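Going down the list, the protein sequences come from chains X and U.
Using numbering that gives the first Met the number 0, the letters of the first sequence map in sequence onto residues 0 to 131.
Using numbering that gives the first Met the number 0, the letters of the second sequence map in sequence onto residues 0 to 554.
Possibly wrong hints are sitting among the right ones.
[Claimed, not checked] Chain U is faced by these chain X residues, among others (derived, beta-carbon under 7 Å):
hint, residue
1, 102
2, 114
3, 117
[Claimed, not checked] Covered stretches of chain U (chain X as the covering partner; in silico rule of three or more C-beta atoms under 8 Å from a C-beta of chain X):
hint, stretch
4, 39 to 46
5, 155 to 165
Please keep in mind that the hints were generated in silico from the structure rather than gathered at the bench.
As the structure is a computational prediction, the values presented were derived from the model and not from experiment.
Even for Gly, the Cβ is constructed at its ideal location relative to N, Cα and C.
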Amino acid sequence: MELPTLVASVIVVSLYVNLGIALYGIFARPSLVKKLLAITILSDTANAFAVLVGYRWPRTGTPQPPVLMNTTNYNESIKYYIEHAVDPLPQALVLTAIVIGLAVTLFIAFVIIQYYRLYGTVNVRKTATSSR
Amino acid sequence: MMHENLIPIGIIPLLLTIAAFIIPLLSIVIKKKLFYHVYALIFSIVALIYTVLNYYIVNILYGKPIAYFFGGWIAPIGIAYVVDGLGSVLGLLIGVDMLFIVVYSVWYMWNEEGVEWYYALLLLLEASMIGIVYTGDMFNLFVMIELLAISAYGLVAFYRNKKEAIEATIKYSLIGATATTMFFLSIVFLYGTYGTVNMADLAVKARLPWICETFNEACRFFSAYSGVSYGNPMLATAIAIVFALWAFTFKAAIFPNHFWLPDAHPEAPTPVSAALSGLVVKMGAYSTLRVLYTVFGLGSLIDIPTGAGLSLRDVIAYIVLILGAVSAIAGSLVMIIQNDIKRILAYSTIAHLGLIFMGIGAVMHGSSKAVVTAAVTAVVFHIINHSFGKTLAFMVSGVYIKAVGTRDILELRGVGRLLPVTSTALVISLLHLLGVPPLGGFFSKLLLYNALMMSGQIIFAIILVLSAAISMLGYMRVVINIIVPPRPSKYIGVIREHIVPSTLFAVLIATIIGIGILSMVGGVVYLESIVGSTGWIDGIREYINSILSFYASVK
Chain X
0 MELPTLVASV IVVSLYVNLG IALYGIFARP SLVKKLLAIT ILSDTANAFA
50 VLVGYRWPRT GTPQPPVLMN TTNYNESIKY YIEHAVDPLP QALVLTAIVI
100 GLAVTLFIAF VIIQYYRLYG TVNVRKTATS SR
Chain U
0 MMHENLIPIG IIPLLLTIAA FIIPLLSIVI KKKLFYHVYA LIFSIVALIY
50 TVLNYYIVNI LYGKPIAYFF GGWIAPIGIA YVVDGLGSVL GLLIGVDMLF
100 IVVYSVWYMW NEEGVEWYYA LLLLLEASMI GIVYTGDMFN LFVMIELLAI
150 SAYGLVAFYR NKKEAIEATI KYSLIGATAT TMFFLSIVFL YGTYGTVNMA
200 DLAVKARLPW ICETFNEACR FFSAYSGVSY GNPMLATAIA IVFALWAFTF
250 KAAIFPNHFW LPDAHPEAPT PVSAALSGLV VKMGAYSTLR VLYTVFGLGS
300 LIDIPTGAGL SLRDVIAYIV LILGAVSAIA GSLVMIIQND IKRILAYSTI
350 AHLGLIFMGI GAVMHGSSKA VVTAAVTAVV FHIINHSFGK TLAFMVSGVY
400 IKAVGTRDIL ELRGVGRLLP VTSTALVISL LHLLGVPPLG GFFSKLLLYN
450 ALMMSGQIIF AIILVLSAAI SMLGYMRVVI NIIVPPRPSK YIGVIREHIV
500 PSTLFAVLIA TIIGIGILSM VGGVVYLESI VGSTGWIDGI REYINSILSF
550 YASVK
């Protein structure tokens, strides 16, 4: 197995394990704060996955960030860019997803604080009596 | 120039979002509540005008789907909005229904504290829903679904000092955030495989190679920008659809993901319950319809039969059918034993969404054009009918709740006799939801039944009838408890009708009866001519072609 393939496989497997840990945290842990942490792990895993999808190992040389460095010799630098740069679109998607994730995390954090004020605990198993 | 006429497509979600975000700034300066009521009313009327305009452009002026590129970036690279018959009909529905809800809010929330935040979230809700039905881009769909989710969480938590409201919000938002993250993961899978997130482009890539023979220009146009597919597209598509369906069934409250709805909808302010039950849950159904019909529909790579004669799409369709059937039966059964009027209506929403999903799952490999047309028309017609019926039913429940101060139907005994207009509206809306012949609800259930019979799903057609029969018990319990007993003496002279909700009820009753009459004199055929081609090859071709013709007009 070549080195890039091996590294990619290890990363993919660890991301799937991360996904499983996050889902376990969301569904099985009783504490709301732990659930919130698990949600951030989940969204970070998804974001890392998107970045991985956009990553490319060029035939020669090392991968470059998707920034056009040289604008004087346009044709040459475009050619170099296409051969070496990683895909910028997943990074744009991840940026948007991070911003949205920030809003959701803040909202859930607020709701957990309010929950604590009203119930005096963040353990959902202790307060499950009110559900009908 | 054609594209100068298309500005209304792109502007509505943006306009409403800006209008919503200005409200918190205005609230520093302006303290009068009347201003915010008028402000929301004006913007919902503007949104209605734009949705009517879009409906006019798509269905009357051009008679074909239209596209709009944001910022002038060409479709597979930039974000495109594509409005076809289906999108324009649902956009119009959102515009009309949200205007009703805002008018009702003006009465219901007149003296409520924090009304400016309420309207900010309500306008965001409307912006995101219009964005969902108009967008032609998977990632934009994700953004709009997240926007919808955040504004819906905020509205459910509006009474933030009530224990039940906060608990309902926790249930809704924690699992909702998980589901939408899974949808993001599904988009990552699609992008990694097809190199694009544009729906028209995905529809072309999923139908390679045969679409290149009949529709070569689309093939060449999109492959010039986003290349060809990579890896094992069938496996990746299957994983992506599984992840996406989790988010969609969560939004639509279909069986394993229905648990949040009976808590969240009753705890929200009543106009919000009407919006959530009437419109927000339909967005999950719409997204499923779009993904399973337009993008990965008949003729796509997951529609090739493998072992046992079933294609991958058939398996997904069967899952959708079975989950819909379970929701329809479970929602109707649990509805019977509830005493809270808003919970009864919430469980009825689960049952109706189950029926809608059964309609979506009716199309299998080898279905003829008649089956596809019947299924799509039935689903859209039932979405429209349930939307108006459930909006009216929740508005009626709000009048009772405001008059007496309880949601328990056993404590509301006889109150209906003191409010004649409201009780008429209650009876008509429940008969409409149940599906009694002169009203629209009957015709959409009949169409769903027809579509299921035409596709050979006889068991599911029987389940549809069974669900309606069981849910009758729940609806009748409401009527028997609220209207039949004698008038409670302590409320005589205390409770009286208010002019705003009564007028609104009259308009909504007229709408419901109007839909029923229209469907008898050719309305169904008209609806079929607008939305029927969604999912069949000519509809998909027009959907793809809208991007090519918009590109040609701006080039």
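A quick look at each hint next to the structure:
1. Annotation: residue 102 (chain X) was flagged as interfacial toward chain U, and the flag holds, the nearest CB pair being 6 Å apart, inside 7 Å.
2. Among the interface hints, the one on residue 114 (chain X) holds; its C-beta lies about 5 Å from the nearest C-beta in chain U, closer than the 7 Å criterion.
3. Because the beta carbon of residue 117 (chain X) sits about 5 Å from the nearest beta carbon in chain U, less than 7 Å, this interface hint is met.
4. Chain X is given as covering the stretch 39 to 46 of chain U, and this is violated because 0 residues of the stretch bring a CB closer than 8 Å to a CB of that chain, at least three being needed.
5. Counting residues of the stretch 155 to 165 of chain U whose beta carbon lies closer than 8 Å to any beta carbon of chain X gives 6, which reaches the threshold of three, so the coverage claim holds.
When the structure is compared with the earlier hints, a violation turns up for hint 4 alone.
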